[in-house]
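S.K.: These are the residues of each chain, in order.
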Amino acid sequence: MNKTTAVLVAIIVLLVGSFAWYAAKHPDRSSEMRDDTEQGVVGEDSRHVGPRTLNADIEAAGLDTLGLQVRVGELRVTASHDDEVHVQLTLRPKERSFLGFLHWSGGLSHDISAASIHQDRKDKRLTLSLDLDGHDQDEVKQEWDVQVPVRLKLDSVMNVGEMDIADVAGGVGAKLDVGELEIDVPQGSIDADVNVGEIRAKSASSHHGRIQLASNIGDATLLFQGAESGVHEHGGLGNKVSMDGDGPDSMDLRLNIGQVTLHLTSADAAHKGAGK
Amino acid sequence: MTRHLIVFGTLAAALALTGCSVRDSGSEPVTLKTDIPAAGLQFLSLKGTAGETSISVSPDDAVHVTLVMQQEERHVLGIALSTEATLRDTEGAKIGQVHKGDTLTLSVIFPSGDDHNSDVKQEWTVQVPERFGVDASMGEGRMAIDGVKGGVKAQLAAGEVVIHVPSGAIYGRLSAGRLHVISDADEPRDVTIKSTFGLAVLSLDGQYYGPPPEKNDGFLSHLHMLGNSVTQQGKGKDDVDLKVTAGLADLRFGPLGDNEVRRDIFKDDKH
Chain A
1 MNKTTAVLVA
11 IIVLLVGSFA
21 WYAAKHPDRS
31 SEMRDDTEQG
41 VVGEDSRHVG
51 PRTLNADIEA
61 AGLDTLGLQV
71 RVGELRVTAS
81 HDDEVHVQLT
91 LRPKERSFLG
101 FLHWSGGLSH
111 DISAASIHQD
121 RKDKRLTLSL
131 DLDGHDQDEV
141 KQEWDVQVPV
151 RLKLDSVMNV
161 GEMDIADVAG
171 GVGAKLDVGE
181 LEIDVPQGSI
191 DADVNVGEIR
201 AKSASSHHGR
211 IQLASNIGDA
221 TLLFQGAESG
231 VHEHGGLGNK
241 VSMDGDGPDS
251 MDLRLNIGQV
261 TLHLTSADAA
271 HKGAGK
Chain B
1001 MTRHLIVFGT
1011 LAAALALTGC
1021 SVRDSGSEPV
1031 TLKTDIPAAG
1041 LQFLSLKGTA
1051 GETSISVSPD
1061 DAVHVTLVMQ
1071 QEERHVLGIA
1081 LSTEATLRDT
1091 EGAKIGQVHK
1101 GDTLTLSVIF
1111 PSGDDHNSDV
1121 KQEWTVQVPE
1131 RFGVDASMGE
1141 GRMAIDGVKG
1151 GVKAQLAAGE
1161 VVIHVPSGAI
1171 YGRLSAGRLH
1181 VISDADEPRD
1191 VTIKSTFGLA
1201 VLSLDGQYYG
1211 PPPEKNDGFL
1221 SHLHMLGNSV
1231 TQQGKGKDDV
1241 DLKVTAGLAD
1251 LRFGPLGDNE
1261 VRRDIFKDDK
1271 H
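Chains A and B, in that order, give the protein sequences. For the first sequence, the residue numbers in the working numbering are 1 to 276. For the second sequence, the residue numbers in the working numbering are 1001 to 1271.
Check before you lean on any hint, since a few could be wrong.
[What the hints assert, rightly or not] Here are some chain B residues pointing at chain A (derived, C-beta under 7 Å):
(1) F1043
(2) K1047
(3) D1135
(4) G1151
(5) S1167
(6) A1169
(7) D1239
[Said to hold, decoys possible] Below, a list of computed lysine-lysine pairs in the DSS-like style, where the Cα atoms sit at most 25 Å apart:
(8) K175/A with K202/A
(9) K1094/B with K1149/B
(10) K240/A with K1100/B
(11) K1149/B with K1047/B
(12) K175/A with K1047/B
(13) K1237/B with K175/A
(14) K240/A with K175/A
(15) K1235/B with K175/A
(16) K1237/B with K240/A
(17) K240/A with K1094/B
The set of hints was computed from the structure by calculation and includes no laboratory data. Glycine residues also receive a C-beta, built at the ideal position from the N, C-alpha and C atoms.
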């Protein structure tokens, strides 16, 4: 190897090393994208910084509504065995890559170490969210596992990810920008709003009120015990399905683009809704 | 006696074939054409069966439709046969038009009322004004949608869907095959791409989002047996929702990156 080649090799090594160092210290935020890839380059669990789990048990006496605010990740809500809200929140720094081989973590360990569950209690409403001490929440994937007294109304808001809400009987409000929303409740009203993705809802209510499903671009399907029902209206590229009812459990499920399905499983509801 | 039975059997078989109203192979394709003024219209809804659908931009403010129907031949003892009833139905078919609000719905109407899902191949070539939104669904085959700005809703049971639009929301569903989508808009708003058994990938302004390719760069590296999903949020106006049960779903916004991962997948397939 002559002197010129050696110098060139040294320069290349220096440039690659500098780039790798820079990339590790400066994750790409230029387009302010938030991602939630389930598998693969962008969304794999951290290889450099381990997950951190936060827990909270909160008395629900005097409350009638639980609010949850999540940026990117997963939210799973089930019934609590007592009159407390039990929260387990796992945080994972998201990983980014360049050319499929150079990986670095978006959320650094000090971001996660500063995290806590923020509780905002106003009147009869408790709202929970992640407090990351001012750090960028989009660099951290949040996995919420929340147990709720079934009497409470749930009011959840999420930017990107998956929401899975089960057992809540006091009513469900759910808003999601992009992702999948799954609801399976014994009774109560449902107000769901997803911009892009899918809504799969199931209610065992036997006292439904007005039911409205709408997808601006996509399909809307109302099922009574497996059979399609409701009044269908096609407009543009979308669909709407509606059904009247005189019970207290109104259900309004809306999508901008995607599929929405509501399955009413109560035989009593099917009887009342038939032909309306 | 045996000879008489053979002769009688042969004659009976010949008569039976004649009685079935069959023709020799060579049934000619039937072509229907129509031009529809598009004033007041904003959406096209088209429901095809097996075959091909191509939807592109019209040079004027009209919808131009060409439908070629070809009876699928049935083979008996190596001889291609066509049923007389299907041929009559194909020759008597018309393009059905329903105007409802700002939506034009197209379908093929056969005199018998049958839909001939299984025995007539349909090739639709439709041109619509650029402002249109398109809602197209088919059974099996190939669907290509090009150039429209008013949004796309495409559904196919099996085969290939190719969409290339300058802008607009896109909703795609495919049971098995490939869903290949390109938008020339700079950036999307909300995007979700999912393949239950297969691969879902996104190219956004030259950057790849999706599972890393296998280290072995051979043929097997393109196989991805377990599914994945990709979700992104941007600052654009257009939302995209693509889902494939088994196969490949790929979406590109912006130009290809020079060294982009899985670059070949995102190329513009000329159709």
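S.K.: It remains to establish, for every hint, whether it holds in the given structure.
M.R.: Tested hints:
1. F1043: The hint holds - F1043/B has a Cβ within 7 Å of chain A, the shortest such distance being about 5 Å.
2. K1047: Because about 12 Å separates K1047/B from the closest Cβ in chain A, which is outside the 7 Å limit, the hint is violated.
3. D1135: This interface hint holds because 5 Å falls under the 7 Å limit.
4. G1151: With a closest approach of 5 Å, the G1151/B hint holds.
5. S1167: Violated, about 14 Å.
6. A1169: 5 Å, holds
7. D1239: For D1239/B, the interface hint holds, since the closest Cβ of chain A sits about 5 Å away, which is under 7 Å.
8. K175/A with K202/A: With Cα atoms ~17 Å apart, K175/A and K202/A stay inside 25 Å; holds.
9. K1094/B with K1149/B: 29 Å, violated
10. K240/A with K1100/B: Measuring from Cα to Cα gives roughly 16 Å; hence the hint holds.
11. K1149/B with K1047/B: 20 Å, holds
12. K175/A with K1047/B: The given pair, whose Cα atoms are some 33 Å apart, is violated under the 25 Å limit.
13. K1237/B with K175/A: Measuring from Cα to Cα gives roughly 19 Å; hence the hint holds.
14. K240/A with K175/A: Holds, at roughly 19 Å.
15. K1235/B with K175/A: 19 Å, holds
16. K1237/B with K240/A: 23 Å, holds
17. K240/A with K1094/B: Violated - the C-alpha atoms of K1094/B and K240/A are around 30 Å apart, more than 25 Å.
Violated hints for the displayed structure, listed by number in ascending order: 2, 5, 9, 12 and 17.
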